[in-house]
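Asks: Chains H and L, in that order, are what the protein sequence lines are. For what it's worth, the numbering used here labels the leading residue of the first sequence as 224, then goes sequentially. For what it's worth, the numbering used here labels the leading residue of the second sequence as 18, then goes sequentially.
Some hints could be false.
With a straight-line Cα cutoff of 27 Å, these simulated DSSO-like cross-link-like pairs (lysine-lysine) come out [to be verified]:
hint : chain 1 : residue 1 : chain 2 : residue 2
1    : L       : K237      : L       : K226
2    : L       : K237      : L       : K165
3    : L       : K263      : L       : K237
4    : H       : K411      : L       : K43
5    : H       : K411      : L       : K26
6    : L       : K226      : L       : K165
Derived CB-CB ranges, DEER-like [as the list claims (entries may be wrong)]:
hint : chain 1 : residue 1 : chain 2 : residue 2 : range
7    : L       : M99       : H       : R329      : 24 to 32 Å
8    : L       : A71       : H       : D290      : 50 to 58 Å
9    : L       : A50       : H       : D259      : 58 to 66 Å
10   : L       : K43       : H       : R331      : 41 to 49 Å
Please keep in mind that the hints were generated in silico from the structure rather than gathered at the bench. Backbone N, C-alpha and C fix where the C-beta goes; we use that ideal spot for every residue, glycine too.
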Amino acid sequence: MTEGSKPMLLDQGLSGSLSSDRDMESDWVAASQRGDNRAFNQLVLKWERQIYNLTLRMLHDPGEAEDTTQEVFLAAFRNIRRFRKDARFSTWLYRIAVNHCLSRLRRRPQGVHVSLDAERSEERIMSRLPSRASHEGEILSEERQSRVRAALQFLQPEHRAVLELKFFQELTFEEIAAVIEAPVSTIKSRLYAGLEVMRYRLGAFASDI
Amino acid sequence: MTATCREYKSYIPRAILGDLSQEEQKALDQHLAECSPCNREHRMYGDTVRQLSAGQNVPVPRHFFVYPEESLGTPWHAFLRMSRAWQAATATVLLALGFASLLAISRLQIRSEDGALVLAFGTLPERKPPAPQAPQMDTSALEARILKAAAESSRQDNLEFLRTLRAEMARSNKAIGREQRALLERAINNAELRMGQLVSTTAANLERKTDRSVQEVYRKVSLERARDLAAVDNRINLLAINGEVKSTQTDAILATLLQVAELRMQ
Numbered sequence: 224m225t226e227g228s229k230p231m232l233l234d235q236g237l238s239g240s241l242s243s244d245r246d247m248e249s250d251w252v253a254a255s256q257r258g259d260n261r262a263f264n265q266l267v268l269k270w271e272r273q274i275y276n277l278t279l280r281m282l283h284d285p286g287e288a289e290d291t292t293q294e295v296f297l298a299a300f301r302n303i304r305r306f307r308k309d310a311r312f313s314t315w316l317y318r319i320a321v322n323h324c325l326s327r328l329r330r331r332p333q334g335v336h337v338s339l340d341a342e343r344s345e346e347r348i349m350s351r352l353p354s355r356a357s358h359e360g361e362i363l364s365e366e367r368q369s370r371v372r373a374a375l376q377f378l379q380p381e382h383r384a385v386l387e388l389k390f391f392q393e394l395t396f397e398e399i400a401a402v403i404e405a406p407v408s409t410i411k412s413r414l415y416a417g418l419e420v421m422r423y424r425l426g427a428f429a430s431d432i
Numbered sequence: 018m019t020a021t022c023r024e025y026k027s028y029i030p031r032a033i034l035g036d037l038s039q040e041e042q043k044a045l046d047q048h049l050a051e052c053s054p055c056n057r058e059h060r061m062y063g064d065t066v067r068q069l070s071a072g073q074n075v076p077v078p079r080h081f082f083v084y085p086e087e088s089l090g091t092p093w094h095a096f097l098r099m100s101r102a103w104q105a106a107t108a109t110v111l112l113a114l115g116f117a118s119l120l121a122i123s124r125l126q127i128r129s130e131d132g133a134l135v136l137a138f139g140t141l142p143e144r145k146p147p148a149p150q151a152p153q154m155d156t157s158a159l160e161a162r163i164l165k166a167a168a169e170s171s172r173q174d175n176l177e178f179l180r181t182l183r184a185e186m187a188r189s190n191k192a193i194g195r196e197q198r199a200l201l202e203r204a205i206n207n208a209e210l211r212m213g214q215l216v217s218t219t220a221a222n223l224e225r226k227t228d229r230s231v232q233e234v235y236r237k238v239s240l241e242r243a244r245d246l247a248a249v250d251n252r253i254n255l256l257a258i259n260g261e262v263k264s265t266q267t268d269a270i271l272a273t274l275l276q277v278a279e280l281r282m283q
């Protein structure tokens, strides 16, 4: 995972006496459950980048991804008291995000977002993202990522969610099973099916790596 | 691609993700060393996974803070934010209210009464007796009663008058002869009969003409009665005079006959 995907801890005042990210996150969750809005916003700062990129790759639309990310955090805030501390907060948050994305994808007209709009959506994504490419290598990297995002749109939403959690969020099979709330065997089955589609879509560009 | 290749092809993605047993991995490695198509397939899967894993997260376009006013949400969200105990208490209260409402609605009765809706839970109250109204003047009945009373009074007055007259006649009859008495008797009977007819006619007329005022009717009855009484009085006077004249004539005839008889006897 790159530096960009790592959560940044902005509020050092809250984390003063805590030694690790996990402990700090637990404290923020506990404070949020007591109604501390500031503590919850620390959780937002920590996870917003992962959640936004998950929704962006799942929905392939920057505006919709932004709205969905906001909805995910709002839903998390409203239900934070229901969160059980024996589970990981990230697992719970990913579950909310994946369910929101799948819900939006199910409401979309079938097929429109896959083949016809793939390139157009990617252009919209590229135009809205801040351009950080300053030399040829970065431009190539951005093109490659654009290709991956476009190829993901050819997957079924459930398969896309599993690939997203496996390759981009780097969760284990068990963690993905906990997020999706399905058996590990089902997760593997979806992962291999999705990977096969991606191999056909991205195989021709293997030399770029 | 052979049947063996197809079998090993299913191993490739699992091998890429480290999901093969040692035996399966060993068999696949042996096959890949001998089969170039499968080897190429394995390489392409590897490249695909590397492309996926090389994906970077883009920066967020903005922060997604949740503000207190955003978190208010709907009543349902407020309910979801409650603790289990409060949720149970709220649900119990709402269920009780719902049950009470249903019970009330099931027992609600509505009745339209005097242009207004009467609502009651359970049995509707008895209909109120109509408010006592100011007694209405039954003018026609009153007129009829007055007319009847007037007629009755008139009749009694007439009868009393006739009784007095009869008594007077009886007294005067003692002084007059049989024929004169019979004549007077007939006149009185006629007068009585006519009087009765007059009263009946007047009463009938009064009943038919209920639209006339009582005073006018009464005045007419009184007038009729006075006129009849005057007529009867005149008649009686006439009879009395005639009786006296006839009595005088009879006496004169008798006196003449006595003189004639006396002259013959002389």
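Asks: Each hint should be assessed against the structure and marked as holding or not.
Replies: Going through the hints against the structure:
no.: 1; hint: L/K237 to L/K226; result: holds, 12 Å
no.: 2; hint: L/K237 to L/K165; result: holds, 14 Å
no.: 3; hint: L/K263 to L/K237; result: violated, 38 Å
no.: 4; hint: H/K411 to L/K43; result: holds, 21 Å
no.: 5; hint: H/K411 to L/K26; result: holds, 16 Å
no.: 6; hint: L/K226 to L/K165; result: holds, 13 Å
no.: 7; hint: L/M99 to H/R329: 24 to 32 Å; result: holds, 30 Å
no.: 8; hint: L/A71 to H/D290: 50 to 58 Å; result: violated, 28 Å
no.: 9; hint: L/A50 to H/D259: 58 to 66 Å; result: holds, 60 Å
no.: 10; hint: L/K43 to H/R331: 41 to 49 Å; result: holds, 45 Å
Checked against the numbered hints listed earlier, the structure breaks hints 3 and 8; every other hint is satisfied.
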